[in-house]
Amino acid sequence: TQLLEQSPQFLSIQEGENLTVYCNSSSVFSSLQWYRQEPGEGPVLLVTVVTGGEVKKLKRLTFQFGDARKDSSLHITAAQPGDTGLYLCAGAEMTTDSWGKLQFGAGTQVVVTP
Amino acid sequence: EAQVTQNPRYLITVTGKKLTVTCSQNMNHEYMSWYRQDPGLGLRQIYYSMNVEVTDKGDVPEGYKVSRKEKRNFPLILESPSPNQTSLYFCASRASGGFVSDTQYFGPGTRLTVL
Numbered sequence: 052t053q054l055l056e057q058s059p060q061f062l063s064i065q066e067g068e069n070l071t072v073y074c075n076s077s078s079v080f081s082s083l084q085w086y087r088q089e090p091g092e093g094p095v096l097l098v099t100v101v102t103g104g105e106v107k108k109l110k111r112l113t114f115q116f117g118d119a120r121k122d123s124s125l126h127i128t129a130a131q132p133g134d135t136g137l138y139l140c141a142g143a144e145m146t147t148d149s150w151g152k153l154q155f156g157a158g159t160q161v162v163v164t165p
Numbered sequence: 002e003a004q005v006t007q008n009p010r011y012l013i014t015v016t017g018k019k020l021t022v023t024c025s026q027n028m029n030h031e032y033m034s035w036y037r038q039d040p041g042l043g044l045r046q047i048y049y050s051m052n053v054e055v056t057d058k059g060d061v062p063e064g065y066k067v068s069r070k071e072k073r074n075f076p077l078i079l080e081s082p083s084p085n086q087t088s089l090y091f092c093a094s095r096a097s098g099g100f101v102s103d104t105q106y107f108g109p110g111t112r113l114t115v116l
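Those sequence lines, one after another, are chains A and B. Residues in the first sequence are numbered from 52 upward in steps of one, following the working numbering. Residues in the second sequence are numbered from 2 upward in steps of one, following the working numbering.
It should be emphasised that the hints constitute simulated quantities derived from the structure, not laboratory data. Beta carbons are placed, not taken as given, at the ideal position from N, Cα and C, and that holds for glycine. Please note: incorrect hints may appear among the correct ones.
[To be verified] Just the calculated beta-carbon pair ranges, DEER-fashion:
1. A:91 - B:80: 26 to 36 Å
2. A:92 - B:42: 14 to 24 Å
3. B:52 - A:160: 32 to 42 Å
4. B:66 - A:66: 40 to 50 Å
5. A:103 - B:57: 28 to 38 Å
Sequences are here, hints too, so could you generate the full structure?
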């Protein structure tokens, strides 16, 4: 069982549409990160959120950290083919045993067609 | 340019033949780690290192070894590879082990197939 559950697993949309990807857990996180991974490459960090309720924007991408610090969402407005990729969330649990450790979700594959 | 490099990028080997995947970073980072990525399972940590000569097990360490003799290098060793170690492997580094919210940089990946 994944500590971080991402949904949906796969999303295919047309250029110009909006989409939302979710990252949920029963654990509380001190911080949560979103990465994008393209074929043949390693994940690249998009954003880190650290405060419950925090909202960060990166151009057409909006990231939100839940008030209880257990979940997060990524919303893309007017998606473009360049947004295609595997989106991964990763969180650091607020426990002594997990100090310094990131746990990753399985990822959401997003495909944006022209 | 800040980067994490891995070699080789692709490797096909046979069961039981020892292999090493190298990893190097040029950012003077203290923290380095190895992950494997499998469909539906995401990235799982194999081993990590907080600094030179300090290594510890991650979530899936069985069948792997690591060493950290220099700050920039963190090789992954498979003493006797088995088919269930067929996977996509990533090396990663960040400035400090304690500041988990720091940017973590990933290498380009090594696709390993064990026949």
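Against the structure, the hints come out as follows:
Residue 91 (chain A) and residue 80 (chain B) have their C-beta atoms about 28 Å apart, which keeps the hinted 26 to 36 Å range intact. A hinted range of 14 to 24 Å holds for the C-beta pair residue 92 (chain A) and residue 42 (chain B), which are about 19 Å apart. Separation of residue 52 (chain B) from residue 160 (chain A) is about 36 Å and conforms to the stated range, judged on CB atoms against 32 to 42 Å. Between residue 66 (chain B) and residue 66 (chain A) the beta carbon distance is about 47 Å. The supplied range of 40 to 50 Å therefore holds.
One distance hint, 28 to 38 Å for the beta-carbon pair residue 103 (chain A) and residue 57 (chain B), holds here, with the actual separation near 30 Å.
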